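Both chains are given apart, each in its own frame, so use the hints to dock them into the complex.
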Amino acid sequence: MSTCPDESTLLAVAIGDSDAAALAHSAHCRHCAARLAQLKTDLGALRGVLVDAPLPPSVRRAARRTEWLSGLLTPLAAVGLATALALAVVWPRLAPHATPETQPQLASLTADVTAALFASREGVGLAEPLSDHAYVVAALNGGWPCDSRYGNACSYDDLLDQ
Amino acid sequence: MPSSANAAVAEPLADVDQLYRSQRARIVRLCTMLLGNEHEAEEVSQDVFLKLHRAFAEGDPDSVWPAWLTTVALNACRDKRRSRWFRWWRTSDELVETHFAAAGPSPERAALDGATRERIWSALAELPARQREVFVLRHIESWNTAEVAAALQLSTGTVKRHLFRAVQHLRVALRDQR
Numbered sequence: 001m002s003t004c005p006d007e008s009t010l011l012a013v014a015i016g017d018s019d020a021a022a023l024a025h026s027a028h029c030r031h032c033a034a035r036l037a038q039l040k041t042d043l044g045a046l047r048g049v050l051v052d053a054p055l056p057p058s059v060r061r062a063a064r065r066t067e068w069l070s071g072l073l074t075p076l077a078a079v080g081l082a083t084a085l086a087l088a089v090v091w092p093r094l095a096p097h098a099t100p101e102t103q104p105q106l107a108s109l110t111a112d113v114t115a116a117l118f119a120s121r122e123g124v125g126l127a128e129p130l131s132d133h134a135y136v137v138a139a140l141n142g143g144w145p146c147d148s149r150y151g152n153a154c155s156y157d158d159l160l161d162q
Numbered sequence: 001m002p003s004s005a006n007a008a009v010a011e012p013l014a015d016v017d018q019l020y021r022s023q024r025a026r027i028v029r030l031c032t033m034l035l036g037n038e039h040e041a042e043e044v045s046q047d048v049f050l051k052l053h054r055a056f057a058e059g060d061p062d063s064v065w066p067a068w069l070t071t072v073a074l075n076a077c078r079d080k081r082r083s084r085w086f087r088w089w090r091t092s093d094e095l096v097e098t099h100f101a102a103a104g105p106s107p108e109r110a111a112l113d114g115a116t117r118e119r120i121w122s123a124l125a126e127l128p129a130r131q132r133e134v135f136v137l138r139h140i141e142s143w144n145t146a147e148v149a150a151a152l153q154l155s156t157g158t159v160k161r162h163l164f165r166a167v168q169h170l171r172v173a174l175r176d177q178r
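Top line first, the protein sequences correspond to chains X and R.
For reference, each letter of the first sequence is one residue, going 1 to 162 in the working numbering.
For reference, each letter of the second sequence is one residue, going 1 to 178 in the working numbering.
One thing to keep in mind: the hints can contain errors.
Said to hold, decoys possible - Some chain X residues close to chain R (C-beta under 8 Å, calculated; not the full set):
1) Ser8
2) Ala12
3) Asp17
4) Lys40
5) Asp42
6) Ala45
7) Pro56
8) Ser58
9) Leu73
10) Leu81
Claimed, not checked - Here are the simulated DMTMM-like cross-link-like pairs (lysine to aspartate or glutamate), alpha carbons at most 20 Å apart as the crow flies:
11) Lys80/R x Glu42/R
12) Lys40/X x Asp15/R
13) Lys40/X x Asp17/R
14) Lys40/X x Asp52/X
15) Lys40/X x Asp17/X
16) Lys40/X x Asp6/X
17) Lys51/R x Asp15/R
18) Lys40/X x Asp113/R
19) Lys40/X x Asp19/X
To be clear, the hints were calculated from the coordinates, so they are not data collected in a lab.
Note that the coordinates shown come from a computational prediction; the quantities given were computed from them, not determined experimentally.
The beta carbon of each residue, even a glycine, is placed where N, CA and C say it ideally should be.
Chain R on its own, in the form it takes in the complex (with noise of 0.2 Å):
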């Protein structure tokens, strides 16, 4: 029979399993929107599991765990994007486009091409750290002005006008059709 203390651990443990398959692929996704870098976002993803499996350890029912994972993410890209080594690279990183065959005449269509997505991806890269925050939270993560604000510690305000800002300079990727 096992123990008390055994059967606390795995019935945690087979959560952590669960929210690892159900998420990574949202973490690694969000890691590469706030990094640009799909290599970096993978090992940053590792980093934040490798945290949600502590704070599961110390045990915290009241979590609802893919905010958690998200807030805990964003965080780590943020401390990624500080290092020194990170930014030398970031900065030195050239974009190259890519043409693809031409999709068809609608947005969505046109947002499947190569070179769209390239442009896309770009523009999302040249956002300032602080729009990029505001603009994956927002309208990626679908999370509502005000919990955007408490992450990020903005007003309201100031995360309208990011937003704003930041879908702005995207949908000028998306019609740019050099």
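If we strip away everything but chain X, and leave its shape as in the complex, we get (with noise of 0.2 Å):
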């Protein structure tokens, strides 16, 4: 039966951590003593390219991704918060309200909008037409306002078919 350390052994007598043992046979056994300088050949390669070797691309380019990321969130932070306040702020003082005075011209303004919507040849001939509010309600609804005298059509190809 082979008395060789295994890898994680080899690895503690590399590194000074083994037992006398360990130490003993690697000296002794010629295979040993190959893979432990090759162990000892890749420590050293590893520290090399760690500690000393310049530093890849890769670990450089994230520190300029970094800076690229930093530089665009800082400006993009300062116009959120500014839409954020004026949204807060000035649009309250600015939006259009419905005051009484202004009922008239709403209402008015209703009655042209509803009567350039529905404007058709089939409606001139309505003997009381429905309410401005109901083909407002009915095109908002993307429909037709329902009517009894036309046998309750609520569409525009009801009408039709009438």
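Right, dumping it as structure tokens:
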């Protein structure tokens, strides 16, 4: 049965953590001596890369990316804050309000819009047209006001079928 | 004639300056290994030396300052890694290999090859944080196993297992000739 130490024990030998038996074996077994030499070479190479060699581009590139991102986020945060402030403070003062004085104007505007939206040849013949409100509500719902005079037609297609 | 207070302040400051000059590069490199990002490492190192300045001002004659710096840097890097922002940043980062002219056949020469350096740094970044800390303290900083175990509050057996796994992973990267 082989008494050669496993990789873990060999690592302990390489870094000076091993017991005397493993150390003695590694000194006398040519196979283990070669393994140990290879391991020490690898450890030296790792140290050389991580401690002494120049940093690879990926590690340095991460630095540039951080700077770019932080440089972008600060203005974005400022713009977002200014927008939120404007919406919260300025907009309520500038936005139009329906006041008692403007109600007749709004009603007139609604009537004009309704007439423009539903102007048709069929509509001319309505003896008692539905209220403007009914047309507006129906239009907002994407349909046509249900009219009992036309068989409760509720869409333009229904009216054409009459 | 300078007052005794001024003299007391001037003396530690001179030591801090000397420590800064002698240790800064090592601490930045240590933090770069732990964070995988040179820019973040520079920032953390600044904080570490600020703490050194405060510790000097408070006066702790028993401190072994290089080891103290290593421990403070380790903890500072750990705090940095724990921040949500940094975790997002690292997971979204991509490593792109850069190929340089082939080096000589020996591992030491190969280790200086650009592509190999990329692989090793990438492999280091892939290690779990604990394995990376153990590897850096035990192999790079040359602390003994008991010191590493005490600093990281681990058993010596756990330190050895972490070190073994880290070395295995890094050796694969070293040997990988893609």
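- Report the numbers of all earlier hints that the structure fails to satisfy, in ascending order. Checked against the structure, the hints that fail are numbers 4, 9, 10, 12, 13, while the rest are satisfied.
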